[in-house]
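Number of protein chains: 2
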Amino acid sequence: MRNIKLLIEYDGTNYAGWQRQKNAISLQQTLENSIKSITGEKIEATGCSRTDSGVHAKGFVCNFYTCSTIPEDKYREAINSKLPQDIIVLKSEEVVQDFHARYSCVGKTYSYTVLNREVGSALMRNTAYHYKYKLDMESMRRGAEHIIGTHDFSAFRNLGSSVKTTVRTVTKLDLQREGQCIKFLVSADGFLYNMVRIIVGTLLQVGIGKISSEEVKFILESGDRSFAGPSVPPQGLCLEEVNYNI
Amino acid sequence: MRNIKLLIEYDGTNYAGWQRQKNAISLQQTLENSIKSITGEKIEATGCSRTDSGVHAKGFVCNFYTCSTIPEDKYREAINSKLPQDIIVLKSEEVVQDFHARYSCVGKTYSYTVLNREVGSALMRNTAYHYKYKLDMESMRRGAEHIIGTHDFSAFRNLGSSVKTTVRTVTKLDLQREGQCIKFLVSADGFLYNMVRIIVGTLLQVGIGKISSEEVKFILESGDRSFAGPSVPPQGLCLEEVNYNI
Numbered sequence: 711m712r713n714i715k716l717l718i719e720y721d722g723t724n725y726a727g728w729q730r731q732k733n734a735i736s737l738q739q740t741l742e743n744s745i746k747s748i749t750g751e752k753i754e755a756t757g758c759s760r761t762d763s764g765v766h767a768k769g770f771v772c773n774f775y776t777c778s779t780i781p782e783d784k785y786r787e788a789i790n791s792k793l794p795q796d797i798i799v800l801k802s803e804e805v806v807q808d809f810h811a812r813y814s815c816v817g818k819t820y821s822y823t824v825l826n827r828e829v830g831s832a833l834m835r836n837t838a839y840h841y842k843y844k845l846d847m848e849s850m851r852r853g854a855e856h857i858i859g860t861h862d863f864s865a866f867r868n869l870g871s872s873v874k875t876t877v878r879t880v881t882k883l884d885l886q887r888e889g890q891c892i893k894f895l896v897s898a899d900g901f902l903y904n905m906v907r908i909i910v911g912t913l914l915q916v917g918i919g920k921i922s923s924e925e926v927k928f929i930l931e932s933g934d935r936s937f938a939g940p941s942v943p944p945q946g947l948c949l950e951e952v953n954y955n956i
Numbered sequence: 711m712r713n714i715k716l717l718i719e720y721d722g723t724n725y726a727g728w729q730r731q732k733n734a735i736s737l738q739q740t741l742e743n744s745i746k747s748i749t750g751e752k753i754e755a756t757g758c759s760r761t762d763s764g765v766h767a768k769g770f771v772c773n774f775y776t777c778s779t780i781p782e783d784k785y786r787e788a789i790n791s792k793l794p795q796d797i798i799v800l801k802s803e804e805v806v807q808d809f810h811a812r813y814s815c816v817g818k819t820y821s822y823t824v825l826n827r828e829v830g831s832a833l834m835r836n837t838a839y840h841y842k843y844k845l846d847m848e849s850m851r852r853g854a855e856h857i858i859g860t861h862d863f864s865a866f867r868n869l870g871s872s873v874k875t876t877v878r879t880v881t882k883l884d885l886q887r888e889g890q891c892i893k894f895l896v897s898a899d900g901f902l903y904n905m906v907r908i909i910v911g912t913l914l915q916v917g918i919g920k921i922s923s924e925e926v927k928f929i930l931e932s933g934d935r936s937f938a939g940p941s942v943p944p945q946g947l948c949l950e951e952v953n954y955n956i
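Same order as they appear, the protein sequences are chains A and B.
Mind the numbering: the first sequence is residues 711 to 956 in our numbering, read in order.
Mind the numbering: the second sequence is residues 711 to 956 in our numbering, read in order.
Since the hints were derived computationally from the structure, they do not count as laboratory data.
Treat each hint with caution, since some may be false.
The list treats identical chains as one, so a pair stands whether inside a single copy or across any two.
Keeping only pairs whose Cα atoms sit at most 25 Å apart, straight-line, the calculated DMTMM-like set for lysine to aspartate or glutamate is [unchecked claim]:
1. Lys920 - Asp796
2. Lys768 - Glu888
3. Lys842 - Glu951
4. Lys801 - Glu828
5. Lys927 - Glu742
6. Lys792 - Glu925
7. Lys801 - Asp783
On a predicted model such as this, the values are computed, not experimentally measured, just so you know.
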């Protein structure tokens, strides 16, 4: 069996997230069906992470095993010809047998986009979170500095999946203003459930002065979810990049 | 009767353009119905231009006359509460009686977004035109210089609406690379039917070397539509701003 790795972009608006589900259309199922119609095999696609409903990806990675003899780079076009327009394979390649989209992953980068103006947006309604209050970028950046590093992120996760450890290393947390938007870029070796959305929700509270930038440190140390800010909605979140050593 | 001016943003994907039509859902009709459900009056909204199906706007302007006594700035929220999410009123204000969204207009700016990479995009499928060939930005910029100024733009229009004159003044034609996208910004005192889309289509031909940048001048002087490039598709086009002296 050959092991094929796919790099995928998707608009998550119309899907119930990555993971196959009984009563809703998932990205995994849609992709697997498209692959099946190419190779004739019933395959299982292993994703790099479970993304929630409404979350997008510019660089999602998955892999699947196949007996098909299609040249590695030709899967891209073949699968794209069967996929709906809101999912697209950007790259296909054959990888070593033990490459696993989730277990082989050593890091990920997510972006979160906040539209920061008085009125919402029709064009960005599915790709940004509208937040109308004035934000102090400098306070948010100072708050963000406490997040960077290796910490127990228990205060920044929602329950929903079991993990062995709640310690993660955030290597980057950048905030940039781009026109009327604020873009958060977060890189880590791994993320807990809703971790990015709670980090952003907490930093927005810092931005409006409800939480001081110094308090972010204490929230982190408390390990208490109730001290952190709310999870911001899914549509602002996008999986930008997944890293592998393999 | 009061004259109310609205500044509107919309995602044109699911509409048959601005103008009311018999067998398709238009932006005009959708907006007029929302206003009617607020004021109780059957009104007619006058748009600054007819945008084609699939074309977007961040700063479309229209006006309507009403007997309603709602404070001028409150129309925004009231109408938004009735509109679908792909149309949003950004601003509402009362203007002088003879303000007319189309006739009072002295200039407009459109953007056109080209996604210039090998594979298309799921997230930008409705807001950019995917063009995979390598483009020479400098040639395109030199070609664009010939477009700027006052010219007869007969070679850069499709038939579809009658006009008194085909002379227009293009005051700005900028090309910028933004990541994997190329953004065209075009300002003029007015535009002929499909003019921006033909300008972009012609400059893309310059970018791949099918038309030289000097030839743009001759195409313009010829007044012959068949010499110019094709009209690029609607989804890359966005009405950014409309200017008034009134």
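Quick rundown of the hints versus the structure:
Within a single copy, Lys920 and Asp796 get their C-alpha atoms no closer than 38 Å, and across copies no closer than 32 Å, so neither meets the 25 Å cut-off. In the homo-oligomer, the alpha carbons of Lys768 and Glu888 lie at most 25 Å apart both inside one protomer (19 Å) and across protomers (16 Å), since each shortest distance falls under that limit. Taking the shortest alpha-carbon separations for Lys842 and Glu951, only the inter-copy value of 22 Å comes in at or below 25 Å, while the best intra-copy value is 29 Å. Only between protomers do Lys801 and Glu828 lie at most 25 Å apart by alpha-carbon distance; the minimum there is 10 Å, versus 39 Å within a single protomer.
For the homomeric pair Lys927 and Glu742, neither the shortest alpha-carbon distance inside one copy (43 Å) nor that between copies (52 Å) is at most 25 Å. Within a single copy, Lys792 and Glu925 get their C-alpha atoms no closer than 50 Å, and across copies no closer than 41 Å, so neither meets the 25 Å cut-off. In this homomeric assembly, Lys801 and Asp783 come within 25 Å of each other (Cα to Cα) only inside a single copy, at 7 Å, whereas the closest approach across copies is 49 Å.
Violated hints, listed in ascending order, are 1, 5, 6; each of the other numbered hints is respected by the structure.
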